[in-house]
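There are 4 protein chains.
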Amino acid sequence: MKLALIGAGRIGRVHALSIAAHPEVTLAAVVDAYPEAAETLARDFGSRARDIDDVFEDPEIDAVLIASSTATHIDYLERAASAGKAMLCEKPIALDLAASRATAERVAQSLCALAFNRRHDPQFSALKDQLGQGRIGKLETLAITSRDPEPPPLEYVKGSGGLFRDMMIHDFDMARWLLDEPIVSVYASGSCLVDPAIGEAGDVDSAVVVMKTASGRLCTISNSRRAVYGYDQRIEAFGSEGMLQAQNECDTRLKFVGKQGQLEEAPRWFFLERYAEAYRRELDDFYQSWREGRAPRAGITDGVEALRLAEAADISRREGRTVYVEEV
Amino acid sequence: MKLALIGAGRIGRVHALSIAAHPEVTLAAVVDAYPEAAETLARDFGSRARDIDDVFEDPEIDAVLIASSTATHIDYLERAASAGKAMLCEKPIALDLAASRATAERVAQSLCALAFNRRHDPQFSALKDQLGQGRIGKLETLAITSRDPEPPPLEYVKGSGGLFRDMMIHDFDMARWLLDEPIVSVYASGSCLVDPAIGEAGDVDSAVVVMKTASGRLCTISNSRRAVYGYDQRIEAFGSEGMLQAQNECDTRLKFVGKQGQLEEAPRWFFLERYAEAYRRELDDFYQSWREGRAPRAGITDGVEALRLAEAADISRREGRTVYVEEV
Amino acid sequence: MKLALIGAGRIGRVHALSIAAHPEVTLAAVVDAYPEAAETLARDFGSRARDIDDVFEDPEIDAVLIASSTATHIDYLERAASAGKAMLCEKPIALDLAASRATAERVAQSLCALAFNRRHDPQFSALKDQLGQGRIGKLETLAITSRDPEPPPLEYVKGSGGLFRDMMIHDFDMARWLLDEPIVSVYASGSCLVDPAIGEAGDVDSAVVVMKTASGRLCTISNSRRAVYGYDQRIEAFGSEGMLQAQNECDTRLKFVGKQGQLEEAPRWFFLERYAEAYRRELDDFYQSWREGRAPRAGITDGVEALRLAEAADISRREGRTVYVEEV
Amino acid sequence: MKLALIGAGRIGRVHALSIAAHPEVTLAAVVDAYPEAAETLARDFGSRARDIDDVFEDPEIDAVLIASSTATHIDYLERAASAGKAMLCEKPIALDLAASRATAERVAQSLCALAFNRRHDPQFSALKDQLGQGRIGKLETLAITSRDPEPPPLEYVKGSGGLFRDMMIHDFDMARWLLDEPIVSVYASGSCLVDPAIGEAGDVDSAVVVMKTASGRLCTISNSRRAVYGYDQRIEAFGSEGMLQAQNECDTRLKFVGKQGQLEEAPRWFFLERYAEAYRRELDDFYQSWREGRAPRAGITDGVEALRLAEAADISRREGRTVYVEEV
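Chains as they are written, first to last, in this note's numbering: chain A, 8 to 335; chain B, 8 to 335; chain C, 8 to 335; chain D, 8 to 335.
Worth flagging that the hints you see were computed from the coordinates, not collected in a lab.
Be aware that a few hints might be false.
To be verified - Taking lysine-lysine and the DSSO-like style, the derived pairs with C-alpha atoms no more than 27 Å apart in a straight line are:
| no. | chain 1 | residue 1 | chain 2 | residue 2 |
| --- | --- | --- | --- | --- |
| 1 | D | Lys262 | C | Lys262 |
| 2 | A | Lys262 | D | Lys145 |
| 3 | D | Lys262 | A | Lys262 |
| 4 | D | Lys145 | B | Lys262 |
| 5 | B | Lys98 | A | Lys262 |
| 6 | C | Lys98 | C | Lys9 |
Using the sequences plus the hints, can you model the full thing?
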């Protein structure tokens, strides 16, 4: 697969690493609004910087990986679809639900994977598999904890669409994937406890969401923009026959026992370390989907549905009431 | 302290054990609506069965421990207060908030401890202490998980006032105690996932609550009437400098490593084993309050306030909206 | 059972607590070489100080608990046996193997329990039970780690008979109990790493022993007189179907997660906390043996055999060779 | 670095994977006594099969990785040294100590790394670093547990030089590396508990070793050829200020809590999974040594010294006595 990477920023570089490690995928081009950025990354990974139009027109390019700024996603998705490229797009599709829906419809005939990287994490995959095998009987309650080590720059927060669309979007997707039945209602509560500037920008930095599915399953999501001990990524699934807990991961299992107690390492610091393997598997899933003509693990409609839950959460937080997903 | 135990049922027997183990408290009388029950328990613990009126009139009796059915609490509290006895009363005061409030006012001049046993648990006490010492900086999010091993008999459920008043009442109290500032709003969602008969009786068996405090702290409570692995009692406090986790306790730390993995014991099965030490400390706190003329760790107004949150949760669940505590 | 406690020192007080908590055992007398010590302890536990001769002559006394200095054990055991008392004796019987053997023979017709308290620990008992049930198939290797928090006073060390007789004696007994077949050979190596004064007194403070049983099972014991994190008491049993690990115990399971990592409590500090329940069960086992006319969990011959292994270890350390138990 | 891989068996393939993943090392040739084996591996990794003489004569080849059968090591090492190649050699150098010493002397002027892969494991490296930083004060006792999941084929055992030279050699090296001072004495005890055929072949399958260093540090090593739960690789370092424990590693931290208890995954099954990262780092250390002209983390004299301890252990086991390393 000859793949063009659109976006040479931090997340673009993460994907470039996965591409370099994949035996069947070649980084055929790097595109960025800042040509120097594209050139630097291209040089580091033995590829070349190219123009966006060039890439869409080149029949040799099989696929594009869209990791540019959110505002460009819709345009690039639609152009890539027209050009007959397979697409792997970073989340979110867009900040606007209606526009996302329209795009999803327009690219419906193409292979369009969405980069919900956590679905590819070995531990969460194992959790999903065991739920499917009935390890805990019938799933009843799902609790997702997701905390970033540090808040992003304030400028980023302002353009992010807010915590629900930018950060909790991953957890909404994880909830949908694991609950495995329609989510019917959403309630959200949030506070600004980490940085008052985030509140002044109209956003929250700490939030809790409660959702209910068609059969009455309950799901909570807890987010914070700051956890001093690192990237806190845990999931607890409770059911009629037991409980599964995905625990935080550390670099090593070295334990120190001293006067002050028994000390193990802090969780991995951020998503690059925590989800390195997930990024590799995500690319491979995209490649296999393309090769086998099957659907990817997460597709563009999953992006739309996660955004819909984020929208519902936003309304709920403002109105202090249960929001039914069908309203949105 | 000469103490009369009112109520010779299961929980009465738990208290009798603590009384027997306390060097300064004597079980001076046992009272029960069923005289045989009182006699059996009195015989087992070297005490004697007596009439309720007798107990209130006897100037030798210093204190009463009210562990009879909920419907009797208000009457016994008020009579005990009139008779000048110190009181340790099982939760809830009553199922009706207004009546509970009225009673709390009437006995306000007496020593009246409420049996929120979990406040006396060594692990939760240590958690509270460390919060007070600033171990995690400023508290931001509190998550309480509380699951019973098995649902109570259906008849019990019907008269219990519902999951929020009967079971989650402990968690409301724990939340109030740990959050350490006024709770201003409550949202509740519940389902019947364990036993349809509970739903037919108008109650839920699985529930999630989200609360917010005056300064914006967020608190979730998750309850289930059934956890096949035992009594699931965990608390996670998250703050600006870290996280404290009160984990489930087991009888031993023996670990088996075999083909299927690394296996440690299931959590203790039920409250008798899990909170045995808490019951002993609760009685001692009551005794020390009486001896030193100080307030007990949990008093009757704590019982009123926990019931108020339960009432708010009930309204929220029915109306699908945030309920402000001041409404109740 | 009317029991006289001989020895009102630290370990005597531990036993007095267990006696006070046992519903069927009465502390009928306290004896000590220092009458004031006996009187203080007797007063604290509602008993009375008496003379040693008095105790042996009093037909009302059913049993004696010998917790006096090691040098007195043999005399008291033999007099107690003559007087028809049941005996629970602290370890070691004596520092001299031949004398211990002779005494064991002389009291062979009496109930004589030896205070190997660890056999009564709930966790080690569960380990023993699971070995018996074949949980790990055939036992192949046993590894015992046993470290004190701090060295005893130097004067104590000088009169203790050395690390193998004083400290490792418990581990020799544990090894015999768990290996469940004759130990045929012993090798010992030791160093003085904690306090040079212990070395100057002719003893070691750090030691490792390797033993082999008749069928070839291997057992290691590792001792240190000092572990800054507390009382380190672990056992690992490895077999054809898996491994059992008895882990250190802590007061609570409270966990702190912060910048520096994930911190759980240090192990319990010393034997009083770690083995409190074991001491209670040991007394109850003694009482039940007496009442039912059965053998106690650890008897006087177990004391002789553990001392024999200590003797073999001492020879091995001096001679740098495998010592066969039959040599000793 | 242009590298020739000598030996296309199981371990050769492990190294080929690391070479493929290293950006600066090229697999320039594959050599094997069975030309088809060399060709298959060469094809899989985009290299070519070549003759051994060819490789030594080719001035383009910078280095050889010797992963052929033990009997060939000495010849290849000496020829590679003569040809001016850098060498990374699998352990052991040879089964014969004198021959190994002679070879080590002959290649002393060349870069000759020995493949003690465990020194490169991230967890053991972190342990080594923390010892160096004084995390546990002065090291006093080291305990190494090392168990294979299953015994190798009997034919392999027969030619392996025995458990001490073939399996425990890694632990002897780890002990030398971590103890960081001369080991002066060795005692070994072993049994045949896993498979009687191993005993009939004159070897043991379960063994324990005790060593002492110049300053009196004590070290135990425990080996078994079979652990049903997987590859058991643990190290415990105990010192004046605490303890460090390198624990077994699992694929994920997913935990199941059910009726039977709290279950985490079994340790990784074998060395390929457990030490995958160590193999990558080992190759990189070899490359960096070559590039920078510095000594590798483990060199040929480390191989000689580990073999010397194995020899001492063999003598000790046969003679039942402490063997001083200077004797060997």
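We went through each hint and held it up to the structure:
1. Proximity of Lys262 of chain D to Lys262 of chain C is assessed by CA-CA distance (about 17 Å); at most 27 Å being required, the pair is judged to hold.
2. About 17 Å separates the Cα atoms of Lys262 of chain A and Lys145 of chain D, which keeps this hinted pair within 27 Å; it holds.
3. Simply put, Lys262 of chain D and Lys262 of chain A have alpha-carbon atoms about 19 Å apart, close enough for the 27 Å limit, and the pair holds.
4. A C-alpha spacing of about 30 Å is found between Lys145 of chain D and Lys262 of chain B, which places the hinted pair above 27 Å, so the restraint is violated.
5. Straight-line distance between C-alpha atoms of Lys98 of chain B and Lys262 of chain A comes to about 43 Å, which puts the hinted pair past the 27 Å bound.
6. Taking the CA atoms of Lys98 of chain C and Lys9 of chain C, the gap is near 22 Å; set against the 27 Å cutoff, the hint holds.
The structure is inconsistent with the numbered hints 4 and 5, although it conforms to all the rest.
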